[in-house]
Structures are given as C-alpha cells and as structure tokens.
Amino acid sequence: MLSWAELPGTGVTLLRGVDVHDFASALNPLPDEAPAILTYFAGRPHSAMDLVRSVLAELEKAALELFPAWLPGAEAIQEPCGAGRRAVRRLALRLAAETGHFGPFLADLAERSLNGMPSATGTEARRVAFAPEVRAAELARVLAACYGRRGTALLVNVPDGLSAVQEEALVAGCDWLADRGHMAVWLTGVPPAVDRLAVATVAFPGAQRDREEARRPEEPGGPTRPGRAGAPGRPDGARGDVPALTYPPVAGRPHPVSEAERVLEAALAPLGWATGRAWNQTLRLDRFGTICRVDLLWRQERCVVEVDGPEHRGERRFEEDRHRDVCLQLAGYGVLRFTNAQVLKDTETVVRQIGRFVRGRRLGTLEG
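Here UniProt numbering is used: position 105 in the sequence shown is 105, and no number is missing along the way.
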C-alpha cells in the first residue's frame, strides 16, 4: 500500500478503491513535495484523440484563467492594448529563453491570457499553429509553474457505464497525455477493464474509510452517500454542472473561477482596514503538523474568512468544515463563513461584518 508521495510521477496508474473527492481532500492543501494536481471528470470519448482534445482544451483554459501566476512580472500589466500585449509577449519570450519553454507557444498563451479569450471559443484559429504534442508538454509545465511545482499530475475520474471501446479510448488517450505531456495520469472511479494498467493501492484516511464503508452492509432504504445517486463520477454534493476540470487555488489570490472570491476581493481592495489580507493561505495549526488551507486570512489578527460554494452542502463536506473550524478555533483563529450567494447578493453586508470582525480582533474586543 502506497502513500501519495510514492505514486509514479510519470505514466498512467489506476488508483484502486480511491474516491476522487477523498483523494482531493487528502491533498488539500497540497503537500510541499506533491506535483500540481488537476482533476478531470472524463466523459465518454469516441477515440483516444477525442479525449486528448478535450483534456488539452481544459488545461489551456485553466492556464488562461490562472494567468499571471505562471508569468513573473506580468502582475502589473492589466490592459489588453497593443503595449500590454507586446509587454507580456516580451516577458514570455524572456521566460522561455531562461527555462527552455517553447517561446512562440508561451508568448501566444500570454497574449491570449491578457485578452481574456475563453479557450472554447477564442483559440480555434491559434490551435492550428501548435501541434498537440507541443500544447501537452508546454501546458503541463505552465501549470506546474503556477504552483511552484516540478511536475503536473492529472487525476482522471472514470465514469461508470463505459463501453469496451470507450474504455480503450480513455486509457489510450491517457497514455498519450502521460507520454507527450511528461506528466503523471492517475485514474480513479470505475476501474476500466484494460489489463495493461499499472495498479496502486493508496493509503490515506479517506481511502481507508471508503474501504470500510464498502464492506459494511447497506441498510434497506437507508440514505445513500451524498452525490452518488444523482451524479455518478461527480464530487460529493455536486450537481451536474461541475466543470470538466478543477484545480486548486494559487496562494495569494482569489480562485479565478470563484466569482464570489473575486467580487469580495474587489470590494475589500479600496478599504484601509482590509490591509494585511491574503487569499488561499496554508496554516500549520499545531506541533503535530496539522495543516489546512483557508480562503481568506488576516494573519496578524488571526482572522479566517471562508467563502463556500454549493459543494459544501454535502454531509461529508459539512462535517469536514466543522472539524476544520474547531481546529482553527483551538489554534486561536476566529472563523467567519459565508456562502457564495451571500457574497454575491449582499456584498455590502458581508464586507461590513468582516470589517467588524477584523477590527474587533485587531483591537482585542472580539474573540473567535
């Protein structure tokens, strides 16, 4: 039985008995030695290249959204005007010269990131210029750089009900991505019946719990595990509109796909009392090495603000959140929780409550 750190850093590996939600939870926050891990919820590919095209489109979209995390020096370039485009292209070409990236691809990606082009609609003309092999290798390196990692791993959740042809297409596509992208591909979900896969059994708390639950007889008419009955292959408590690719936030900035985090940051930015805040930070809570990632932190005041999407409604996520809040409070942090809907519908009230919270902790008039 392997720990996550012993998983192969290249090739395709089937993770036996692993639930995608548990695996993601076990690696949140990512340990220092882990690769950048992105989670792909596979569909029903007609061919290997069908899967490859889908994954590359999603990886490219993620790279566009995560900009400028992968391009040092581009943080201050905001306007997609001629001067801005020329500036990011120069930065990208300089980075490529220093790191061995393929300069034309990186410069093109930087320019499109600044323009805010969505991958699904704005890049078809560009894709002709770069072979899939180039895109796979370069995107894997770009995404690793976003998180300061030396490599990238793609966690692929395999849906149930695939035909033999679809299973073969999925595995062949994953082989191609691992080989051309120089990345690890880890399969979870329903094990495909393809016999050439390397298999690993992973040891972490969620995996052990899943194995114990699988051995326990199900009570007739009893409740099913949240998210399983209505949405096979989707995360715990999620609905069918979950994106095909998910990825962790980059420390120091709101998650690019979280509208609530971006709206809250825009509201806080001009406020003097909000200085000292930091998004998506990792905290070490005790001498036993307990760590957690928090959405928004005022470190000196020991204030934590969490912004929760609908996926937090599931029973297990709810329990995990409560347990984490207790750990934070025992470590001396005050915690406020808001839903996405609260932030988006009544931003002013949320900001006012956070302000009272932070100023009170700063002055010693509020306890967590």
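Be aware that a few hints might be false.
[Unchecked claim] Simulated pairs of lysine to aspartate or glutamate, EDC-like, Cα-Cα distance not exceeding 16 Å: (1) K345 / D286; (2) K345 / D308; (3) K345 / E259; (4) K61 / D32; (5) K61 / E111.
[Unchecked claim] Quick list of the computed label-pair ranges, beta carbon to beta carbon: (6) A5 / T290: 15 to 21 Å; (7) F102 / C81: 23 to 29 Å; (8) T290 / L363: 34 to 40 Å; (9) R359 / T10: 24 to 30 Å; (10) A5 / G276: 44 to 50 Å; (11) A5 / K345: 41 to 47 Å.
Quick caveat, the hints were computed from the structure, so don't treat them as lab data. For glycine and all other residues, C-beta sits at the position ideal for the given N, C-alpha and C.
>> Are any of the numbered hints broken by this structure? If so, which, sorted upward?
In response: 1, 4, 8, 9 and 10
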